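Just so you know, the protein sequences line up as chains A and B, in that order. The opening residue of the first sequence carries number 1 in our numbering; numbering runs sequentially from there. The opening residue of the second sequence carries number 1 in our numbering; numbering runs sequentially from there.
It should be emphasised that the hints constitute simulated quantities derived from the structure, not laboratory data. Among the hints, erroneous ones may be present.
As the list claims (entries may be wrong) - Derived pair list, reagent style DSS-like, types lysine-lysine, alpha-carbon separation capped at 30 Å:
#1 Lys320(B) to Lys110(A)
#2 Lys245(B) to Lys259(B)
#3 Lys321(B) to Lys299(B)
#4 Lys53(B) to Lys245(B)
#5 Lys251(B) to Lys321(B)
#6 Lys245(B) to Lys111(B)
#7 Lys87(B) to Lys114(A)
#8 Lys112(B) to Lys165(B)
#9 Lys110(A) to Lys259(B)
#10 Lys114(A) to Lys299(B)
#11 Lys299(B) to Lys87(B)
#12 Lys87(B) to Lys110(A)
#13 Lys165(B) to Lys111(B)
#14 Lys259(B) to Lys114(A)
#15 Lys110(A) to Lys321(B)
#16 Lys110(A) to Lys299(B)
#17 Lys156(B) to Lys251(B)
#18 Lys320(B) to Lys114(A)
#19 Lys112(B) to Lys156(B)
#20 Lys321(B) to Lys114(A)
#21 Lys320(B) to Lys165(B)
#22 Lys87(B) to Lys72(B)
#23 Lys165(B) to Lys259(B)
Please read these numbers as outputs of a predicted model, since none were measured by experiment.
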Amino acid sequence: MLDQNQKIRWLVRPALFVASLIPLAVLIGRVLHNDLGANPVETINRYTGDWVLRFLLITLAVTPLRRMSGWNTLLRFRRMFGLFAFFYATLHFLSYVWLDQFFALDAIIKDVAKRLYITVGFTCFVLLIPLAVTSTNGMIRRMGARRWQQLHRLVYFIAIGGIVHYLWLVKSDLTQPLIYGAILAVLLGFRLWGKIRRAPVPAATGGSS
Amino acid sequence: MFLIRKPTDIKSSEITPKDVYLNRRQFMRGLAAVAATGVSAALWPESSRAGQKLLNVRKGAFATDEKQTPFKDVTSYNNFYEFGTDKRDPAQHAQNFRTFPWSIAIEGEVKKPAVYQMEDLLRHQTLEERIYRLRCVEAWSMVVPWIGFPLSDVIKRVQPTSRAKFVEFVTLHDPAQMPGQRPGLLGAGLDWPYVEGLRMDEAMHPLAILAVGLYGEVLPNQNGAPLRLVVPWKYGFKSIKSIVKIRFVEKQPLTTWGKANAQEYGFYSNVNPAVDHPRWSQASERRLGEDTLFAPKRKTLPFNGYAEQVASLYTGMDLKKYF
Numbered sequence: 001m002l003d004q005n006q007k008i009r010w011l012v013r014p015a016l017f018v019a020s021l022i023p024l025a026v027l028i029g030r031v032l033h034n035d036l037g038a039n040p041v042e043t044i045n046r047y048t049g050d051w052v053l054r055f056l057l058i059t060l061a062v063t064p065l066r067r068m069s070g071w072n073t074l075l076r077f078r079r080m081f082g083l084f085a086f087f088y089a090t091l092h093f094l095s096y097v098w099l100d101q102f103f104a105l106d107a108i109i110k111d112v113a114k115r116l117y118i119t120v121g122f123t124c125f126v127l128l129i130p131l132a133v134t135s136t137n138g139m140i141r142r143m144g145a146r147r148w149q150q151l152h153r154l155v156y157f158i159a160i161g162g163i164v165h166y167l168w169l170v171k172s173d174l175t176q177p178l179i180y181g182a183i184l185a186v187l188l189g190f191r192l193w194g195k196i197r198r199a200p201v202p203a204a205t206g207g208s209s
Numbered sequence: 001m002f003l004i005r006k007p008t009d010i011k012s013s014e015i016t017p018k019d020v021y022l023n024r025r026q027f028m029r030g031l032a033a034v035a036a037t038g039v040s041a042a043l044w045p046e047s048s049r050a051g052q053k054l055l056n057v058r059k060g061a062f063a064t065d066e067k068q069t070p071f072k073d074v075t076s077y078n079n080f081y082e083f084g085t086d087k088r089d090p091a092q093h094a095q096n097f098r099t100f101p102w103s104i105a106i107e108g109e110v111k112k113p114a115v116y117q118m119e120d121l122l123r124h125q126t127l128e129e130r131i132y133r134l135r136c137v138e139a140w141s142m143v144v145p146w147i148g149f150p151l152s153d154v155i156k157r158v159q160p161t162s163r164a165k166f167v168e169f170v171t172l173h174d175p176a177q178m179p180g181q182r183p184g185l186l187g188a189g190l191d192w193p194y195v196e197g198l199r200m201d202e203a204m205h206p207l208a209i210l211a212v213g214l215y216g217e218v219l220p221n222q223n224g225a226p227l228r229l230v231v232p233w234k235y236g237f238k239s240i241k242s243i244v245k246i247r248f249v250e251k252q253p254l255t256t257w258g259k260a261n262a263q264e265y266g267f268y269s270n271v272n273p274a275v276d277h278p279r280w281s282q283a284s285e286r287r288l289g290e291d292t293l294f295a296p297k298r299k300t301l302p303f304n305g306y307a308e309q310v311a312s313l314y315t316g317m318d319l320k321k322y323f
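Excised from the complex, chain A in its bound form (with noise of 0.2 Å):
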């Protein structure tokens, strides 16, 4: 019989995983049966770049969850959900320069250089980076809770980022890149509002935020 810890460990994450890669399966899925649109590269570039989107409020929701549900389980899962968005992030990076750009690399420098939206979401790809190589145990362990804590706080800034990346890109409908950003001003207003408030919190281990 597997205790809580146990079920956790051994059913509920890898379950979490295996979801977490029905997007990749469902892309792969349309390539191979021709499901692309008239234009396939837009088609695979734009699904990437939703799903970056998506992880990164995901992940993002799991404090706020974890502090209204008092469930704090699901900080347990919150390293696999920022993993994910760096995945999906790397997909979208190289969707744009190997498809779109074809690696013309004086095109994508000039694109990066000149482009905004392209600049900012370049950067928030780089940003991305340091979080997920410090996002081990050991890293944690090695940088200290307090600096480590510090450096992930990126985190939002990179969401912030990526939702300016999409409102910049589109030509006059602003509706799909304004649903993303009303719903991550939510999950960033959470913490302000918790921060302003000096609102205890629930006992948890570490108390990050």
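Place chain B on chain A using the hints.
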């Protein structure tokens, strides 16, 4: 043995398909019209709807021999914000769009202002096929076999006055039929109705056509049925769809995209690889339906490859300023 076959014995392949049957009736009616008028009139169906075959279409003078973008792509990947901002929206939401009856008002600085019924506008009009490149401002392109007639034919017929310096085009405004025009929380971010414009000499240019069909049939609704402009040397958004009004004016019209963002969408909007959109490069493009997933983009040509025909319209103009 079996002189009278039961209906089930007749192979379905032996039955004349309905559209062929309908076309035959149309064809006969067309012949009658030709006989009556003595001119080679186009066989424009009296109550046209998307998908009907267009007969008696001439090969036009301007035709690229590049590979044509598959019908499926041309008709499923559309920027027609009146039916939604997603490329797949128009094909879905325009299915029941009513394109008959349809009238086009000719107004402004003309000697013969009038409101034409679609079939009257087309009555003595020869239809021709024009296989054009279409370059979208979003850096993708297609090759489309349009069916239409020179815009100049209509202009000559209505006789603009000397004060007519520009031609303004207006799309239907009908939020009941066009969900994208309904006031939403945010909407498409554009002012309706959609307005576009051309300078008089641009409008008179033989490359500029009014299209009523593509791939040999009546325009699918999502492609701007029943009547749309096609100006192949300009970005796609200049080629306004579902036109209900053509107005001759003295001043340069204020276009919909120009109103939405004057820095990004100029009045001329000639395809120009040397002038980038402020947010992305226009130097290259992706040819839909042809370039595979792992192919580099192709270089965009000045005036979308029609420089030889149209560059003279802009002699002495600073195309960076008048983008």
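Pairwise hint evaluation, Lys114(A) against Lys320(B), where the allowed Cα distance is 30 Å at most: 17 Å, holds
Pair hint outcome, Lys299(B) versus Lys87(B) [Cα-Cα no greater than 30 Å]: 23 Å, holds
30 Å limit on alpha-carbon distance, applied to hinted pair Lys110(A) and Lys321(B): Within the cut-off at roughly 22 Å; holds.
Pair hint outcome, Lys320(B) versus Lys110(A) [Cα-Cα no greater than 30 Å]: Cα-Cα ~19 Å, so holds.
30 Å Cα cutoff - pair Lys110(A), Lys299(B): 16 Å, holds
Hinted pair Lys87(B) and Lys72(B), Cα distance within 30 Å: 13 Å, holds
Proposed proximity, Lys259(B) with Lys245(B) (alpha carbon, max 30 Å): At roughly 19 Å apart (the allowed maximum being 30 Å), Lys259(B) and Lys245(B) satisfy the hint.
Hinted pair Lys87(B) and Lys110(A), Cα distance within 30 Å: Holds, at about 28 Å.
Pair hint Lys165(B) and Lys111(B), alpha-carbon separation not exceeding 30 Å: 14 Å, holds
Restraint check for Lys114(A) with Lys299(B), where alpha carbons must lie at most 30 Å apart: At roughly 19 Å apart (the allowed maximum being 30 Å), Lys299(B) and Lys114(A) satisfy the hint.
Restraint status (C-alpha distance of Lys53(B) to Lys245(B) at most 30 Å): Within the cut-off at roughly 26 Å; holds.
Proposed proximity, Lys165(B) with Lys112(B) (alpha carbon, max 30 Å): 16 Å, holds
Checked against the numbered hints given earlier, this structure breaks none of them.
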